[in-house]
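Enquirer: These are the residues of each chain, in order.
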Amino acid sequence: MPIEILGQAGAADVEDALRQAIREAIPDGEIEVSSGGPGHFQIRVVSPVFQGQSRVKQQQRVYGAIAHLMSGSNAPVHAIDRLECVTP
Amino acid sequence: MTLQDATRQRIAELISNHRVMLFMKGDRQAPQCGFSARVIGILESYTSEYETLDVLSDPDIREGIKTYSSWPTIPQLYVDGEFVGGCDIITELNANGELFTTLGVEPPPEVIPAIEISDEAAEGLRHATAQNGGPDQHLHLAIDKNFQSSLSMAPRGPMDVVVESNGITLMLDRFSAARADGVRIEIVDSPRGRGFRVVNPNSSILNKMSVQELQRLRASGKPFELIDVRTPSEYETARIDGARLLDESHFQHLSSLPRDTRLVFICHHGPRGVNAAEQFLGMGFRDVHNVTGGIHAWSLEIDSSVPQY
Numbered sequence: 001m002p003i004e005i006l007g008q009a010g011a012a013d014v015e016d017a018l019r020q021a022i023r024e025a026i027p028d029g030e031i032e033v034s035s036g037g038p039g040h041f042q043i044r045v046v047s048p049v050f051q052g053q054s055r056v057k058q059q060q061r062v063y064g065a066i067a068h069l070m071s072g073s074n075a076p077v078h079a080i081d082r083l084e085c086v087t088p
Numbered sequence: 089m090t091l092q093d094a095t096r097q098r099i100a101e102l103i104s105n106h107r108v109m110l111f112m113k114g115d116r117q118a119p120q121c122g123f124s125a126r127v128i129g130i131l132e133s134y135t136s137e138y139e140t141l142d143v144l145s146d147p148d149i150r151e152g153i154k155t156y157s158s159w160p161t162i163p164q165l166y167v168d169g170e171f172v173g174g175c176d177i178i179t180e181l182n183a184n185g186e187l188f189t190t191l192g193v194e195p196p197p198e199v200i201p202a203i204e205i206s207d208e209a210a211e212g213l214r215h216a217t218a219q220n221g222g223p224d225q226h227l228h229l230a231i232d233k234n235f236q237s238s239l240s241m242a243p244r245g246p247m248d249v250v251v252e253s254n255g256i257t258l259m260l261d262r263f264s265a266a267r268a269d270g271v272r273i274e275i276v277d278s279p280r281g282r283g284f285r286v287v288n289p290n291s292s293i294l295n296k297m298s299v300q301e302l303q304r305l306r307a308s309g310k311p312f313e314l315i316d317v318r319t320p321s322e323y324e325t326a327r328i329d330g331a332r333l334l335d336e337s338h339f340q341h342l343s344s345l346p347r348d349t350r351l352v353f354i355c356h357h358g359p360r361g362v363n364a365a366e367q368f369l370g371m372g373f374r375d376v377h378n379v380t381g382g383i384h385a386w387s388l389e390i391d392s393s394v395p396q397y
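Protein sequence lines, in the order shown, are assigned to chains F and P.
Residue numbering for the first sequence follows our numbering, beginning at 1 and increasing consecutively.
Residue numbering for the second sequence follows our numbering, beginning at 89 and increasing consecutively.
Do not take every clue at face value.
[Said to hold, decoys possible] Which residues of chain P face chain F? A few of them, derived with a C-beta cut under 10 Å, are: (1) Lys154; (2) Thr155; (3) Ser157; (4) Thr161; (5) Phe171; (6) Val172; (7) Gly174; (8) Glu180.
No lab work stands behind these hints, which were simulated from the structure alone.
It should be emphasised that the depicted structure is a prediction, and the values quoted were computed from it without experimental measurement.
Just so you know, even glycine gets a beta-carbon here, dropped at the ideal spot from N, CA and C.
Next up, chain F with everything else stripped away, as it sits in the complex (with noise of 0.2 Å):
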């Protein structure tokens, strides 16, 4: 199914997008990111950082960095399905 390889390949462009974005904003930070169908991604990210933060703040912190991947119409990230943050 060549439409699955190219969904697969593209998926793991983006995600490379998104933990590079994410390390530039939080540069201590250990990045997971994976992909859950096309647009759809989880994020884990262990920093310092996030320390004494609400969860709310935190998760601006990951969103902000990587906005720039969501907006418009053809954005290559549609939805964040799960974002966890955690301090170590």
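Using the hints provided, position chain P relative to the given structure of chain F.
Expert: Relative to the frame of chain F, chain P by itself:
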């Protein structure tokens, strides 16, 4: 990504003008996505005092709000000008009881409802929970403001009310508990197969009361609450003795009353009273009435000394 000043300002005005402001898809009557619908369902349990904006009809806000809050999804809830979160966070705050504090709403008093479970249903529930159980998974019964019931497995919430019946432990959130007294859970066979049925005697409907009936009720000396849902200036213009304006403090007082208290709502002509009355039905009150024709009919048919306006 830049956010135009005009859009930023509109968003800032919306969240400062409305204490509880929800950016969503669709509106509260007709949410256009499942996440927005879920948030409306939760919010409606707590309050009807909130404003919504439909981002589907406002593309500038639809994109702008995401930049404004560094949050990529709709719906988005703001309280007192602060971003609270999206659907997941609101669901979580609802489950852990924190949404009361966030919204500044008093939790309903803890009432332990009497719930009956038939032997057959108890057996079925034991089976279902054994299959879906886990460390912090408990059987929950939820009853929404329209008295639609659902059973699910979920972690125990700190505000949950715990009911033991026929060997089964059931947990209910405070709102559901207030609507659950006298509920019976049984097993039925339907065209879709065997399943649980929740029979709820509280799913009462709104009663209509004529001005003549209201007059008789007043004369009878029986206890009831007469609640005026008009604006303070209308109340100044014309009022019925004994009617109290439904302001914030009176709302809090009424919410704490026993659910069998008789509540009679009155407005100018009728419709506003229906809205308020339905809200109290949703809170579990069972003896709820709305005066047909409102204070206008009272003035015409009962007491002409009450001014018409």
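Enquirer: Evaluate each hint against the coordinates.
Expert: Taking the hints in turn, this is what the structure says about them:
1. Lys154: Hint holds; P:Lys154 Cβ to chain F Cβ min 7 Å, cut 10 Å.
2. Thr155: Result: holds, 7 Å to nearest chain F Cβ.
3. Ser157: With a closest approach of 7 Å, the P:Ser157 hint holds.
4. Thr161: This hint holds: P:Thr161 lies near chain F, its Cβ roughly 7 Å from the closest one there, short of 10 Å.
5. Phe171: holds (6 Å)
6. Val172: OK, holds: P:Val172 within 10 Å of chain F, min 7 Å.
7. Gly174: holds (9 Å)
8. Glu180: Where the cut-off is 10 Å and the nearest Cβ of chain F is about 8 Å from P:Glu180, the hint holds.
Consistency note: the structure conflicts with none of the earlier hints.
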